[in-house]
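Undergrad: One-letter residues, chain by chain:
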Amino acid sequence: MLKEILKMFRESGGPLDLKALAAKLDVETSALEGMLTTLVRQGKLREVEVGSADCRACHSRLTCAYMVGGVSLGKVYELPEG
Amino acid sequence: MQGEEIIRVRDQSLAHLRRVHGDDAETLIADARYGFISGLMKEVMTKPAVARVTATDRIDSFVLNRWLGIPLFLLILYGVFQFTFTVSAPLIDLIDSGLGWLAERVVTVSPAWLGSLLSDGIIGGVGAVLAFIPVIFLLYIALSILEDTGYLARAAFVMDRLMHKIGLHGRSFVSLILGFGCSVPAIMSARTIENPSDRLVTIMVTPLMSCGARLPVYALLAGAFFTANRGLVVFGMYAIGVVLAILLAWFFRKRLVPGESGHFVMELPPYRLPTVASVAAHVWERGWAFLSRAGTIIFVVVLAIWALDYFNVLQHIGQAIAPIFAPAGFGQWQPAVALVFGILAKETVVGAFGTLFAGAEGTGGFAAVLGGQLGWTPLIAFAFMTMILLYTPCVAAIGTIKKETGSWKWTLFTVAYTFALGWVVATLIYQIGRLFI
Chain V
1 MLKEILKMFR
11 ESGGPLDLKA
21 LAAKLDVETS
31 ALEGMLTTLV
41 RQGKLREVEV
51 GSADCRACHS
61 RLTCAYMVGG
71 VSLGKVYELP
81 EG
Chain W
1 MQGEEIIRVR
11 DQSLAHLRRV
21 HGDDAETLIA
31 DARYGFISGL
41 MKEVMTKPAV
51 ARVTATDRID
61 SFVLNRWLGI
71 PLFLLILYGV
81 FQFTFTVSAP
91 LIDLIDSGLG
101 WLAERVVTVS
111 PAWLGSLLSD
121 GIIGGVGAVL
131 AFIPVIFLLY
141 IALSILEDTG
151 YLARAAFVMD
161 RLMHKIGLHG
171 RSFVSLILGF
181 GCSVPAIMSA
191 RTIENPSDRL
201 VTIMVTPLMS
211 CGARLPVYAL
221 LAGAFFTANR
231 GLVVFGMYAI
241 GVVLAILLAW
251 FFRKRLVPGE
261 SGHFVMELPP
271 YRLPTVASVA
281 AHVWERGWAF
291 LSRAGTIIFV
301 VVLAIWALDY
311 FNVLQHIGQA
321 IAPIFAPAGF
331 GQWQPAVALV
341 FGILAKETVV
351 GAFGTLFAGA
361 EGTGGFAAVL
371 GGQLGWTPLI
381 AFAFMTMILL
391 YTPCVAAIGT
401 IKKETGSWKW
411 TLFTVAYTFA
421 LGWVVATLIY
431 QIGRLFI
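Order-wise, the sequence lines are chains V and W. Under my numbering, residues 1 to 82 are what the first sequence spells out, in order. Under my numbering, residues 1 to 437 are what the second sequence spells out, in order.
Check each hint, because a few of them may be wrong.
As the list claims (entries may be wrong) - Distance condition first, Cα-Cα at most 35 Å in a straight line; then the derived DSBU-like pairs of lysine-lysine:
1. V:K7 to V:K24
2. V:K7 to W:K165
3. W:K47 to V:K3
4. W:K254 to V:K19
Don't read these hints as lab results, they were simulated from the structure. Bear in mind that the values here come from a model prediction, so they are computed numbers and not experimental data.
Produce the complete structure using the sequences and hints provided.
TA: What follows is the structure, encoded as structure tokens:
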């Protein structure tokens with residue numbers, strides 16, 4: 001099952017959303033999340049929070065900040081480099 | 001002795017598993033466990049004949065649709081600008097009238113230089129920027145609603161698919177969409193892209209996105225020259241930025257930093273109804289940042305512009321630079337000066353116009369003075385807006401590019417290529433447009 005997930009990552013041909021991957025593998029989304037967590041723990045996948053940084057702590061905030069509180073656009077899983 | 005034997009047998013077993021199955025024991029055990037659970041669930045669970053479809057699923061069937069996703073994103077973006085400009089127009093006029101009334105009162109203050117500083121410098125310059133507060137706040141209301149509902153994440157995902165199809169790292173678009181707010185945090189967000197080539201390309205094209213600081217410039221010129229279609233024209237600026245960022249990213253990936261891009265799986269948040277408190281908090285936070293800039297960097301820059309203009313220095317500087325922009329139609333010293341100061345912060349272009357054309361009240365006033373005094377037409381205004389969109393990023397963004405790439409070579413390359421791109425595109429628009437208009 002885990003190998004199948006990694007194979008899908010390599011052969012997907014583009015980004016997938018979690019639900020679409022669960023449907024392809026014919027597993028529940030919650031079960032797939034557990035499998036992805038296992039793969040992340042083993043270092044076979046990376047888990048990344050995507051969005052912009054919270055600028056409130058930045059020293060140059062007054063000259064740059066528009067998105068001062070940061071923006072969260074969700075979480076992605078990807079194959080590590082190399 | 002027995003312990004060593006156990007370790008030897010363990011190592012032999014691990015080597016055997018790796019040889020036969022091509023993986024380590026931990027993965028094989030986890031794989032077998034999940035395989036067993038999955039098989040067991042299929043045997044003991046009876047799924048309903050019709051799968052439960054949530055509201056999120058129903059909306060996603062349109063929003064994430066392969067064919068509808070991108071047109072829907074563009075339609076929503078267009079709707080955002082129509083909403084922003086339709087609602088803000090009367091408010092801007094109201095603020096403009098108030099500032100005009102105030103400028104008339106202070107212009108008589110003596111000594112004369114103080115009257116000029118207050119009316120032309122502070123009210124004309126900083127006031128011209130502050131007049132666009134309604135546009136900024138309304139845009140942030142719209143973006144905050146899109147963010148809080150969970151749509152912004154989906155917009156990034158839909159565009160990611162397009163990016164990937166043309167050989168780019170899908171996640172680049174996350175940074176680009178964040179660039180609608182400010183280039184600085186958007187450039188910083190590329191840190192999470194592991195592949196150095198993908199990261200570099202994302203950083204180099206992010207400044208092409210229309211940040212919030214460019215919006216007052218668009219609002220001023222679109223209001224002055226495209227009154228009936230200002231929402232459409234500003235939407236066009238954002239669309240040009242997106243298209244050029246994707247094309248340039250593709251070109252850089254092929255020519256400058258070639259390599260393979262990886263795939264990913266995104267966990268999209270469920271749709272939520274935004275709360276008034278959450279949207280208000282976001283809008284206030286971002287709006288306050290705009291006001292802070294108006295009171296600090298824009299204030300200082302506008303004072304510098306006023307002082308240089310008051311002592312007749314600015315015109316000489318502008319006249320030396322202006323011929324560069326003549327092929328693009330705006331070869332006069334005032335827009336040249338505005339472009340130079342715009343590198344400090346893009347909103348200062350409006351502040352510069354406000355100071356240099358003191359007395360021009362509201363967008364109608366600017367249309368009269370830019371059209372009458374400089375001979376600007378809607379075509380020249382559009383070419384100038386394109387230059388504002390594409391040319392050299394602001395100093396804060398340049399500093400961030402240097403910090404994130406750790407390279408002066410790529411930083412200076414970005415500064416140079418964006419300027420050249422802005423100049424070429426503005427010149428093409430003006431020269432080709434002249435043939436038809």
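Undergrad: Could you run down the list of hints and mark each one as holding or not?
TA: Structure-based check of all given hints:
no.	hint	verdict
1	V:K7 to V:K24	12 Å, holds
2	V:K7 to W:K165	19 Å, holds
3	W:K47 to V:K3	25 Å, holds
4	W:K254 to V:K19	32 Å, holds
Figure legend: structure checked against the earlier numbered hints; every hint is met.
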